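Trainee: Now for the letters of each chain:
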Amino acid sequence: MSDRAFAVVRAGALTTVQDRGRPGHAHLGVPRSGALDQPAARLVNRLVGNPPDAAVLETTLDGCALRPRRPVTVAVGGAPCPVTVDGRPAPWGAAIRVPAGALLDVGAARSGVRCYLAFDGGVQVDPVLGSRSTDLLSGLGPPPLTTGAVLPLGSPSGTHARVDTVPQPAPPRELVLRVARGPRADWFTPAALHTLATRAYRVSSASNRIGLRTEGPALERAVHGELPSEGMVLGAVQVPPDGRPVVFLADHPTTGGYPVVAVVREPDLAAAAQAVPGTPVRFVPTGWR
Amino acid sequence: MRALPVGDRALLVELADGAEAQALHAELLRRRATGELRVREIVPAARTVLLDGLDDPGRVRAQLPGWEIPPLPAHAGAALEIPVRYEGPDLAEVAAHWGVAESEVARIHSAAEYRVAFCGFAPGFGYLTGLPEGRAVPRRTTPRTSVPAGSVALAGPYTGVYPRASPGGWQLIGSTDAVLWDHARVPAALLAPGVRVRFVAEER
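As you go down the protein sequences, you meet chains C and G in turn. Residue 1 is where the first sequence starts when you use UniProt numbering, and the numbers rise one by one after that. Residue 1 is where the second sequence starts when you use UniProt numbering, and the numbers rise one by one after that.
FYI, nobody ran anything at the bench for these hints, they're computed from the structure. Given the structure is predicted, the values throughout are model-derived calculations rather than measurements. There could be a bad hint or two in this list.
Just so you have them, the derived chain C footprint on chain G, three or more residues with Cβ under 8 Å [as the list claims (entries may be wrong)]:
{"hint": "1", "stretch": "6-14"}
{"hint": "2", "stretch": "36-45"}
{"hint": "3", "stretch": "50-56"}
{"hint": "4", "stretch": "113-125"}
{"hint": "5", "stretch": "183-192"}
Note that beta-carbon positions come from the ideal geometry of N, C-alpha and C, so glycine has one too.
Work the whole structure out from these sequences, hints included.
Mentor: Structural data, given as C-alpha cells:
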C-alpha cells in the first residue's frame, strides 16, 4: 500500500465507502447501493477536484475521525457538522488541507444524518463489479470502517475543475416525497390511498440504507393474497403486513414480495437520506391516473 | 401480458405464469443485445419482468403487446452440472412431504433439469424451476439463523443453492462445493437467469 492512505481513529456509528453504486446487476440479486445523498457526494468531489464517480466516505449521525499519512485535500459536506484539524476549527463545505499525521475530526451532525468526506484522489479500495460502494444488504464492497483500519487513497488527477464553494441544501424539516402511483396500488383500498396522500407520517428510527421506514396510519389492503416476488426499483414504497410504508433506498433488495403502493421520484430521495428520525413525512401524489 | 408503470423510468410486465415470464426475459435480452431496446436492468421474477432505466417507458409499454414472443427454445447444449452430497438435515422432512423413502429424494431431485428463473435474496442466489409436479415443499416454520454456504435447498416450487452463509427458511437436502458467487470471477454468479442446471449426486 502506498503512503497515500488514512488511518481510522474513530469509525463512528456507521461510516462506509460509497460512490455512484453498481447498477446493472439487479438480475443477479445485487443491489444498486451507492451514496444515499448523491448530490452531496458529487459536491464534495467537486470541492477537491475529483471526478463525480470518485469514492467518498458516508458517515451516519456522529461523524468519524481520521489521520492521513500524507498531506491530503479533504472536503466535508452533506449534513452540517463541526470539522476540526488537530483540534482547530476547519470549514465545512470547502476544501481543507490536512497535513500528514494530523487528526481530522468530523463531528456529530447538527442537523441531518449523513456527512460526506471527499479526499483528492478518492478512496481507492478495490472495486467490486465496477463500484467501491459498501452494500450493507448483500455484503459486497469494503466492510464499514472500523477503528484502526487503514484505507488507501488514489492519486489526485488534477484534470477535474475544482470549485471553492458549492451551495448545499439544508436537511429537511419536513420530508416531502412526490410519488407516482405504484404498480400494486390496486392491492390497497381507496381509503388507504387517500390516507397515504393526506395523512402525516414520521421517519422511523428503524430506517437505514436499505429503507426509510415510516410511522403513521397503516395502509389497508384490498387484496389479501400473497404477491409472488417481483423486481423492485429505487424509491419503491413497499408496504409490509404492518401497513407502514417503507421507501426503498440504495441498498434495497432487488426483488420483494410485498406490494408497492407508490414510487418516490428519484430527485426526492437525497432529502430522504438526510431526514432524522421523527421528521414529518408527506407523500404527495403526482400524475396519478 | 400487462405492463404496469413503476415510477418515471420503469415498467413491470406481468405474465400469466413463470414460463411466459422466462420467455419474455429471453426475448428482452435478445432485443437489448441487438440494440432494439435500451434498458439498464432486466429483472425477471416469479411471473413478472421488471424493466428499469428506460428512456421512454410509455413507448415500450405501447409496443409490448405487439411483440412476437417465441416460447423458450428447446434445450440447446449441455446443462451446467452441480455435484451434490445429498445428506442435508431436512432430508427426512422432505421425504415425508413427498411420501417417499429418504434415499429417493436424491434420485428425484437429481433426475430433473432445472432453469434459473430469477435471482434475488442474495447475490448469486437463483430460484430454479423444474422440480417435478407435486414436489413443492413448504418453507420451514422457523427459519434457521445460519444456513451454510453451498447448501442445496427446496422451498415452494423452487430449488436453489445458498451462495454464502445466511439465515434462511428453505429445506436443506444437500450441499455442494461449487462456488455460486465470486465477485473476482467473470461472471461472478454461477447461476444467472436462464442458465440450465442439473444436480449430480456424489458418491457418499
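Trainee: Please go over all the hints and tell whether each is borne out by the structure.
Mentor: Hint check results:
1. 6-14: Holds, because 6 residues of the stretch 6-14 of chain G bring their Cβ atoms closer than 8 Å to Cβ atoms of chain C.
2. 36-45: As far as the stretch 36-45 of chain G goes, the hint holds, because 6 residues have Cβ atoms under 8 Å from chain C.
3. 50-56: holds (count 3)
4. 113-125: With 8 residues closer than 8 Å to chain C, the stretch 113-125 of chain G meets the three-residue bar; holds.
5. 183-192: holds (count 4)
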